[in-house]
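Asks: Let the hints inform the model, and build the full structure from the sequences given.
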Amino acid sequence: AQTVTQSQPEMSVQEAETVTLSCTYDTSENNYYLFWYKQPPSRQMILVIRQEAYKQQNATENRFSVNFQKAAKSFSLKISDSQLGDTAMYFCAFMIEYGNKLVFGAGTILRVKS
Amino acid sequence: GAVVSQHPSRVICKSGTSVKIECRSLDFQATTMFWYRQFPKQSLMLMATSNEGSKATYEQGVEKDKFLINHASLTLSTLTVTSAHPEDSSFYICSAKDLGTEAFFGQGTRLTVV
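Residue numbers (the numbering used here), protein chains in the order written: chain A, 22 to 135; chain B, 769 to 882.
Any given hint could turn out to be false.
Stated by the list, open to error - Across the chosen pairs, the derived CB separations fall in these ranges:
#1 A/Q77 <-> B/S851: 31 to 41 Å
#2 B/G829 <-> A/E31: 24 to 34 Å
#3 A/Q35 <-> B/K832: 44 to 54 Å
#4 A/Y119 <-> B/V771: 17 to 27 Å
#5 B/D833 <-> A/G120: 22 to 32 Å
#6 A/T48 <-> B/E827: 12 to 22 Å
#7 B/S822 <-> A/S135: 33 to 43 Å
#8 A/A93 <-> B/I780: 30 to 40 Å
#9 A/Y119 <-> B/D833: 45 to 55 Å
#10 A/K134 <-> B/H853: 19 to 29 Å
No lab work stands behind these hints: they were computed from the structure. Ideal placement from N, C-alpha and C gives every residue a C-beta, glycine not left out.
Replies: As structure tokens, this is what we get:
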């Protein structure tokens, strides 16, 4: 069975600074997908970024980037130039190739301070 | 991205009554839909997976007779909470996916049983 661990229950960062959220996972699969989802106070789940395990290059979406270390089973999210609108709960998630289910981590509450 | 509409966003019902929550994929055919339950500041807990035209697969510990799931078409799934009790009060979220890898989430439903 796959598991996803987010070891930081809460974090805070000053506006315009950079913050990194940690995520580790456990799987015996070789091909899979990793995701970071954002859940703001509205509680709408929003996909932030995704990474295919077979790709060595780290995914980037504007201010969001990941550090994917397959051997270490680590998938951290870096948010650059943090904005107040980044305040949300962030979930790391895993899905096996040809699978359907997302396995979520416990989440990290991120607060961006002005 | 694709749009998933969940209705109602909030519902209050009396203990002992049933309440139905709808989840619609507006611009794609959802071969699979998922229902989650989320407690405050916690992760999403998968309740069941449903494929169009077949019976839902429930996660361990989820009462299938209490949480009835119907996925009658490729664009609509419903979750009916039967004989609701105050402990069923929670935030319920649906997601839908086609044959691709990305899941799209509804806005969620806050259920309060009084």
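Asks: Now tell me if each hint is right for this structure.
Replies: Hints versus structure:
Between A/Q77 and B/S851 the C-beta distance comes to about 52 Å, which lies outside the given range of 31 to 41 Å. At roughly 28 Å, the beta-carbon separation of B/G829 and A/E31 lies within the given 24 to 34 Å, and the hint holds. Checked against the hint of 44 to 54 Å, the pair A/Q35 and B/K832 passes, with Cβ atoms roughly 48 Å apart. Remark: the range hint 17 to 27 Å for A/Y119 to B/V771 is upheld by a beta-carbon distance near 25 Å.
Separation of B/D833 from A/G120 is about 27 Å and conforms to the stated range, judged on CB atoms against 22 to 32 Å. Here the CB-CB span from A/T48 to B/E827 is close to 19 Å, well matched to the stated 12 to 22 Å. Checked against the hint of 33 to 43 Å, the C-beta distance between B/S822 and A/S135 comes to roughly 50 Å, which is inconsistent with it. Distance hint check: the CB atoms of A/A93 and B/I780 are about 47 Å apart, inconsistent with the given range 30 to 40 Å.
Separated by about 31 Å at the C-beta atoms, A/Y119 and B/D833 break the suggested range of 45 to 55 Å. At about 40 Å, the beta-carbon gap between A/K134 and B/H853 misses the expected band of 19 to 29 Å.
When the structure is compared with the earlier hints, violations turn up for hints 1, 7, 8, 9, 10 and for no others.
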